[in-house]
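Number of protein chains: 4
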Amino acid sequence: MQIGMIGLGKMGYNLALNLANNGHSVYGFDRSSEVRLAAKDKGLHIVDSIEQMLASLPHPRVVWVMVPAGKSSEMVIDGLLQKMKADDIVIDGGNSHYKDSVRRAAQADEKGIDFLDVGTSGGIAGANGGACLMIGGRRDVFERLEPIFKAISIQGGCLYAGESGSGHFLKMVHNGIEYGFMQAIGEGFQVLNQSRYDFDLAEVASVWNNGSVIRSWLMELTESAFKKDAELEHIRGMVASSGEAKWTVETAFELEVPVPVIALSLMMRNRSLEEDSFSAKVVAALRNEFGGHSVVKK
Amino acid sequence: MQIGMIGLGKMGYNLALNLANNGHSVYGFDRSSEVRLAAKDKGLHIVDSIEQMLASLPHPRVVWVMVPAGKSSEMVIDGLLQKMKADDIVIDGGNSHYKDSVRRAAQADEKGIDFLDVGTSGGIAGANGGACLMIGGRRDVFERLEPIFKAISIQGGCLYAGESGSGHFLKMVHNGIEYGFMQAIGEGFQVLNQSRYDFDLAEVASVWNNGSVIRSWLMELTESAFKKDAELEHIRGMVASSGEAKWTVETAFELEVPVPVIALSLMMRNRSLEEDSFSAKVVAALRNEFGGHSVVKK
Amino acid sequence: MQIGMIGLGKMGYNLALNLANNGHSVYGFDRSSEVRLAAKDKGLHIVDSIEQMLASLPHPRVVWVMVPAGKSSEMVIDGLLQKMKADDIVIDGGNSHYKDSVRRAAQADEKGIDFLDVGTSGGIAGANGGACLMIGGRRDVFERLEPIFKAISIQGGCLYAGESGSGHFLKMVHNGIEYGFMQAIGEGFQVLNQSRYDFDLAEVASVWNNGSVIRSWLMELTESAFKKDAELEHIRGMVASSGEAKWTVETAFELEVPVPVIALSLMMRNRSLEEDSFSAKVVAALRNEFGGHSVVKK
Amino acid sequence: MQIGMIGLGKMGYNLALNLANNGHSVYGFDRSSEVRLAAKDKGLHIVDSIEQMLASLPHPRVVWVMVPAGKSSEMVIDGLLQKMKADDIVIDGGNSHYKDSVRRAAQADEKGIDFLDVGTSGGIAGANGGACLMIGGRRDVFERLEPIFKAISIQGGCLYAGESGSGHFLKMVHNGIEYGFMQAIGEGFQVLNQSRYDFDLAEVASVWNNGSVIRSWLMELTESAFKKDAELEHIRGMVASSGEAKWTVETAFELEVPVPVIALSLMMRNRSLEEDSFSAKVVAALRNEFGGHSVVKK
Chain A
1 MQIGMIGLGK MGYNLALNLA NNGHSVYGFD RSSEVRLAAK DKGLHIVDSI
51 EQMLASLPHP RVVWVMVPAG KSSEMVIDGL LQKMKADDIV IDGGNSHYKD
101 SVRRAAQADE KGIDFLDVGT SGGIAGANGG ACLMIGGRRD VFERLEPIFK
151 AISIQGGCLY AGESGSGHFL KMVHNGIEYG FMQAIGEGFQ VLNQSRYDFD
201 LAEVASVWNN GSVIRSWLME LTESAFKKDA ELEHIRGMVA SSGEAKWTVE
251 TAFELEVPVP VIALSLMMRN RSLEEDSFSA KVVAALRNEF GGHSVVKK
Chain B
1 MQIGMIGLGK MGYNLALNLA NNGHSVYGFD RSSEVRLAAK DKGLHIVDSI
51 EQMLASLPHP RVVWVMVPAG KSSEMVIDGL LQKMKADDIV IDGGNSHYKD
101 SVRRAAQADE KGIDFLDVGT SGGIAGANGG ACLMIGGRRD VFERLEPIFK
151 AISIQGGCLY AGESGSGHFL KMVHNGIEYG FMQAIGEGFQ VLNQSRYDFD
201 LAEVASVWNN GSVIRSWLME LTESAFKKDA ELEHIRGMVA SSGEAKWTVE
251 TAFELEVPVP VIALSLMMRN RSLEEDSFSA KVVAALRNEF GGHSVVKK
Chain C
1 MQIGMIGLGK MGYNLALNLA NNGHSVYGFD RSSEVRLAAK DKGLHIVDSI
51 EQMLASLPHP RVVWVMVPAG KSSEMVIDGL LQKMKADDIV IDGGNSHYKD
101 SVRRAAQADE KGIDFLDVGT SGGIAGANGG ACLMIGGRRD VFERLEPIFK
151 AISIQGGCLY AGESGSGHFL KMVHNGIEYG FMQAIGEGFQ VLNQSRYDFD
201 LAEVASVWNN GSVIRSWLME LTESAFKKDA ELEHIRGMVA SSGEAKWTVE
251 TAFELEVPVP VIALSLMMRN RSLEEDSFSA KVVAALRNEF GGHSVVKK
Chain D
1 MQIGMIGLGK MGYNLALNLA NNGHSVYGFD RSSEVRLAAK DKGLHIVDSI
51 EQMLASLPHP RVVWVMVPAG KSSEMVIDGL LQKMKADDIV IDGGNSHYKD
101 SVRRAAQADE KGIDFLDVGT SGGIAGANGG ACLMIGGRRD VFERLEPIFK
151 AISIQGGCLY AGESGSGHFL KMVHNGIEYG FMQAIGEGFQ VLNQSRYDFD
201 LAEVASVWNN GSVIRSWLME LTESAFKKDA ELEHIRGMVA SSGEAKWTVE
251 TAFELEVPVP VIALSLMMRN RSLEEDSFSA KVVAALRNEF GGHSVVKK
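Residue numbers (my numbering), protein chains in the order written: chain A, 1 to 298; chain B, 1 to 298; chain C, 1 to 298; chain D, 1 to 298.
This is chain A alone, in the form it adopts within the complex (with noise of 0.2 Å):
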């Protein structure tokens, strides 16, 4: 099959070595004239602008698009709906707000055009070898190109989530939950840290792989973290964030359902991106106005 790819960032670039790996023509594009260049460098059919790739496709066309939510998939994909034709399939993968690929598969639907929104997980290893794929929109359109799905997804990885912007819907949910793992892991280690004993973290992360109720891919990557950094001196505790988690207690909100996990698993990384704490001064400055609690001076 081919398939046109536009961003040729970290994921994008890895998909569509995967596709091509697997027999798939990718025509790829990127912005960035450096990013296209470094891709042609390692073997990738790389197109000039967007107008050379819908050219270069035979019809129906298929684009996949991978570039960052927000305002550039607005950019990228509102161009596309404008440029392609009815049956041209648009598929979004990137980590869009489900709600925006529901009016985006809407708005291609008036001209016919189908529109999958794709959540991929599985990080760049997953990417290149094998990713995670929850998929929304038509079920014929998802039928249509399941093989190539099924080639870049790993055994098992590839579901038909529902109707459009259900696969968002999933991918996003996914990520709350994975700030919530990896908010737990993070003060786990920091309590063995800090505790009375010398634990070796690697050897800690590496045991509870192996047969552990919290055995997961996550604490593999704790472990290969802790063997090249032991206590992780090298690097600042700053995380930031990407939408999903902040959609996810959104989401929540809206549901009324509770996520208490979640949301500190975000408010602790938006914590961690400031130097001083505006909260942290209020308290203390009350501390000292009812107690003559010493406030420490800048």
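Derived by calculation from the structure, the hints in this document are not laboratory data.
Glycine residues also receive a C-beta, built at the ideal position from the N, C-alpha and C atoms.
Warning: the hint list may mix true and false statements.
Per the computed footprint, the stretches of chain D lying under chain B, defined by three or more beta-carbons under 8 Å from a beta-carbon of chain B, are [what the hints assert, rightly or not]: (1) 244-250; (2) 253-266.
From chain B, some residues computed to sit far from chain C (all C-beta separations above 10 Å) [unchecked claim]: (3) MET1; (4) SER32; (5) SER56; (6) PRO58; (7) PRO60; (8) LYS71; (9) MET75; (10) ASP100; (11) GLU110; (12) GLU143; (13) GLY292; (14) LYS297.
With chain A held as given, fit chains B, C and D onto it using these hints.
Same frame as chain A, now just chains B, C and D:
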């Protein structure tokens, strides 16, 4: 009435003044000679040792202990129980753990000594001008000293709480709630401070103290703090904690009562003391492992 | 001054009374004829339609909207903006989202209509006897109506907060803090209630209102509630939520400000509405899977 | 090797089988005669008393204790330390508090008895077919028994953790993380379950186990649970907790490590056991007090 006051720190000193201002004879002692000297200069009757205090007081003797909970109060109260006699009264006005008070009351009782655990709230201003007292122990003992308690507390601010430990139990929970109030205020003002609007935070606190649902003494103190330093530029957001909120959460765990707000208020204080968070390092390392997300190097 | 009041529910009705008691002429309207009739019986001047209200008021007209945020306020305000003219003034005194107020102020401005967003706190008692008002919009418009705002607010309880949206922003955050206060109080009293001691909860709330650090209007209301029903036996622990705490958390997410206490206060309300928790079912099922821990069957 | 196993519940029984299957001679004891009988029927060598067990074992004797932490383990281990002699070895494989293990190891040491604290994970399946073991105590004692530990643990699933208490410390933190994982999964699936989409939750868990970032044994168990009961209709969301997560939080408090996710995971379990929440009653009563919001009557 004649009464001994052991511990002349911020709270003990002001309680002693308060007692003296209400016509009671106070024999004050502090283990620091500097503190004793300072208190003597302010007109308090100071003794040079606990022995001298006990020798000076008429029987049955009443000694109010106002020293830091933990090792200090254990040592002082243990010493008193050894030196005092039947019908003497020990008052622990500090923030002792209520279980310690239950134990000490039983130890005292073995010698016929009476023991009251007195939770004291209201800060320095309250200690000096009218405290809030929550008192546990035998009711008849409380009643014997009621005039003293009434004298130094504000109108309505003196409660016989119940059997031994109940005074400190109330104070413990009071502080748990206080932590929650303070953290809620801190969070709210941080949102204001980082918002698109240019709020005058002292004015906001002021309007909230006049007619709003959240009018409160802590909001008045918030107003006061922002009047001194409009954006709290001169203090750092580092907040220590004494034990009561921790004990509240631990007690809640025993009772299987969920106390997320009190627990988080404490944890955010703990977080405020960290230069860098090991938990966050772990999460940053994990994101790097699976997604190639860059970490901030040290 | 003559002023229209749309919405005669608990808040609008009492604000109208308050205005009338301060010598202003109020034309009241509510979409429910029953509510209109009841208000007429209490002596308020009632009109039968918004059109009649607008026809009755002298130019420039001032209309205060006090209807539920969301669909109702959108419909009412949208209608007003269509029917009103340059220099008229619309006041939204409800709990609208501040972004809606920013948008509405801009829409009003296109027609030369002035728009103020007024956060109103203090509950029913405040609406009637002296509210707390936080007002956003153009300063000169605020100043024109200042006598009205001053009349119905308590001394010191009227703040010009800044440009459009700032009044509702303040009210939003106020409610976030309020949620935190209330949850903290709830947690504390639950610990007391399930403790080994037999506390009289009304007495506890009472002593805390006299001299303690946590004295506050909400603690006074706590005292009042326990005086009516000593153990709250006659009510169920089900707590709905309007939107402000949710918006506070969402705004905090946008600003990357951690607000764990406000978020948890909201989530515990959501939890209180669940008969059974699906999350908890999942956890119960998992414990059964790995450890054979028995589950409670339905 | 010959070894005694005290406690033939789910974990002890399966560990005994596991040992027997690996060629070790196990003398099993349980204080319940029914349990003893059942174990005998399955071919285990059962003794009728701890005295008989001690009499049957060759010196130096090795006894593995697998009874509930707390009173049971205190009684059993205390009894063993009285009856056993120098060079005998006691293994506590249960979920004892690490500080108890530190204390018991010291008590044992006074008599020359060796004591190992062994955290055991992996559930019933692991106990039977290959557990994960985290072992604290003297290294030479560990090494003497290493063949046993290796035999019953999965490849890589046996760690000498360090001095006394470190095995149970690791297990404690392991369970804290486990609570966090489970709550995160529960929250995520509740959001899915109450969403607009009609997800097949077993299929979702399945796809997430194939290539996603959150693939894990607990997600496999989630898949298994949903395959048995697609919407968990037949179980109630009531989740008890043993002590380890509580201890993790308490330990974190001691170390001033923030552990919001672990704490909330525990608190949501506690919340799940409440028919009605007193906290929520208080909040409902307060809303009624200030805003006239209706309460649900009982």
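Quick rundown of the hints versus the structure:
With 3 residues carrying a beta carbon less than 8 Å from a beta carbon of chain B, the stretch 244-250 of chain D meets the three-residue requirement, and the given coverage holds. Counting residues of the stretch 253-266 of chain D whose beta carbon lies closer than 8 Å to any beta carbon of chain B gives 9, which meets the minimum of three for the stated coverage. Taking the minimum C-beta to C-beta distance to chain C, about 21 Å, the non-interface status of MET1 of chain B holds against the 10 Å cut. The Cβ of SER32 of chain B sits about 26 Å from the closest Cβ of chain C, beyond the 10 Å cut-off, so the non-interface label holds.
For SER56 of chain B, the non-interface assignment is confirmed: its Cβ lies about 30 Å from the closest Cβ of chain C, beyond the 10 Å cut-off. Listed as a non-interface residue, PRO58 of chain B keeps its Cβ farther than 10 Å from every Cβ of chain C; the least gap is roughly 30 Å. The beta carbon of PRO60 of chain B sits about 27 Å from the closest Cβ of chain C, which is more than 10 Å, so the claim that it is off the interface holds. Distance check for LYS71 of chain B against chain C: the nearest CB is about 25 Å away, which clears 10 Å, and the non-interface claim stands.
Every C-beta of chain C lies more than 10 Å from that of MET75 of chain B, the closest at about 27 Å, which supports listing it as non-interface. Against the 10 Å criterion, ASP100 of chain B stays outside the reach of chain C, whose nearest CB is about 15 Å from its own CB. Every beta carbon of chain C lies more than 10 Å from that of GLU110 of chain B, the smallest distance being close to 21 Å; the non-interface claim holds. Distance check for GLU143 of chain B against chain C: the nearest CB is about 16 Å away, which clears 10 Å, and the non-interface claim stands.
The Cβ of GLY292 of chain B sits about 22 Å from the closest Cβ of chain C, beyond the 10 Å cut-off, so the non-interface label holds. For LYS297 of chain B, the shortest C-beta to C-beta distance to chain C comes to about 22 Å, beyond the 10 Å cut-off, and the non-interface label holds.
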